[in-house]
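The listed protein sequences correspond, in order, to chains A and B.
Numbering of the first sequence is given in numbering that gives the first Met the number 0, commencing with residue 0 and proceeding in unit increments.
Numbering of the second sequence is given in numbering that gives the first Met the number 0, commencing with residue 0 and proceeding in unit increments.
Please note that a few of the clues may not be correct.
As the list claims (entries may be wrong) - Once the Cα atoms are required to be at most 30 Å apart in a straight line, the calculated DSS-like pairs of lysine-lysine come out as: (1) A:K121 / B:K121; (2) A:K121 / A:K146; (3) B:K146 / A:K121; (4) B:K121 / B:K146; (5) A:K146 / B:K121.
As the list claims (entries may be wrong) - Here are some of the chain B residues that sit facing chain A, going by a computed Cβ distance under 10 Å: (6) R80; (7) E122; (8) L126; (9) V127.
FYI, nobody ran anything at the bench for these hints, they're computed from the structure.
All C-beta atoms, glycine included, are put in the ideal place defined by N, C-alpha and C.
There are 2 protein chains.
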Amino acid sequence: MDIIDRKIISLLAQDARRSLSDIGGAVELSASAVNERIRRLTTSGAIRRTTVDADPQALDLPILAFVWIALAPGADEAAFRSYAAAHPSIAECHHVTGPWSYLMKIHVGSLAGIEAFLADMKEHGFLVRSETIIALSSVVDGPFILKEGMV
Amino acid sequence: MDIIDRKIISLLAQDARRSLSDIGGAVELSASAVNERIRRLTTSGAIRRTTVDADPQALDLPILAFVWIALAPGADEAAFRSYAAAHPSIAECHHVTGPWSYLMKIHVGSLAGIEAFLADMKEHGFLVRSETIIALSSVVDGPFILKEGMV
DNA sequence: ACTGAAACAGCATGGAA
DNA sequence: TTCCATGCTGTTTCAGT
């Protein structure tokens, strides 16, 4: 993982469909040398996958919210993990420092969607307390990767 | 934007390098029909870009943190926006409801990197108060898209 | 809007340096 | 690890439905 590998990842991050010779021109390497580096970066896990960043609006998911979670005492953590992993609305879920246990990033279609989301979590017995923060606008927007179950 | 378009985006989200005929097989369409749909989705902005999801660890950015920001009263909001957009560590920055003005998601190399980050924000006169939450582990990890200035 | 075929570009591979 | 040469897969375009 040298400076050229970083440059290649950066170029691919901007546009993963750039040709190998294009990238080669930018880093002063032949196309096949670039190909070999990308192959190594992929097998080593430095590049996890090539994907598409979609517009949540176009997919009718205009609401972005962050939800703080206090897990119910004695809640099944393993069950919670697989629940979160499979849930189509949960873009991210992190175990965090501070007064709350988890921070989630969710995409939903409407404010009613947030209520339904929290109700579902409660029904599953995970939730005791939560706090929801809604993003009004984004100065720097993160990528939106459509989850499998979300179709 | 019908169900087939969603399916195509979902398939590309899993692996943007799947061939058009592969995708065509999954949605029962010819390769060129799929190509035409992807072209439309891209020009309409529903697909923003094809990109690579990298491993922050491999790029020496193992620390993920969320930073709440109270903007200094009378701070230049436009300047703050371009500062945030250009800053290599800031993966996301949202204007949010609740007691804080902004929520940022940042990737840094070490805890010292957080301190340096906050000091820089303060020097620029944006920050009055902030609170930092560190992600200990991720139940559902978001994608990491290397920013241009980060190389 | 979709199909199928033909033309083209880009990728993958192997051998040499 | 890199380059070059080449066979081949996948993309793009276009005429037809």
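**Request:** With chain A as the partner, please determine if R80 (chain B) meets the hint condition of a C-beta pair closer than 10 Å.
**Result:** R80 (chain B) check passes; min Cβ-Cβ to chain A is 5 Å, inside 10 Å.
**Asked** Does K146 (chain B) lie within 30 Å of K121 (chain B) when you go C-alpha to C-alpha?
**Response** Status holds; Cα separation ~22 Å.
**Message:** For a C-alpha distance cap of 30 Å, please report whether K121 (chain A) and K121 (chain B) respect it.
**Reply:** violated, 40 Å
**Asked** Measuring from the C-beta of V127 (chain B) to each C-beta in chain A, is the shortest one below 10 Å?
**Response** This interface hint is violated because 17 Å lies over the 10 Å limit.
**Cut-off 10 Å, beta-carbon criterion: hint that L126 (chain B) touches chain A** = violated, 14 Å
**Request:** Take the C-alpha atoms of K146 (chain B) and K121 (chain A), compute the straight-line distance between them, and say whether it is at most 30 Å.
**Result:** violated, 37 Å
**Request:** Double-check E122 (chain B) for me: the hint is only fine if its C-beta lies closer than 10 Å to a C-beta in chain A.
**Result:** With a minimum Cβ separation of about 19 Å from chain A (threshold 10 Å), the hint on E122 (chain B) is violated.
**Message:** Between the alpha carbons of K146 (chain A) and K121 (chain B), is the straight-line distance 30 Å or under?
**Reply:** violated, 37 Å
**Prompt:** Holds or violated: K121 (chain A) with K146 (chain A), Cα cutoff 30 Å?
**Reply:** holds, 22 Å
Comparing the model with each earlier hint shows violations of hints 1, 3, 5, 7, 8 and 9; every other hint is respected.
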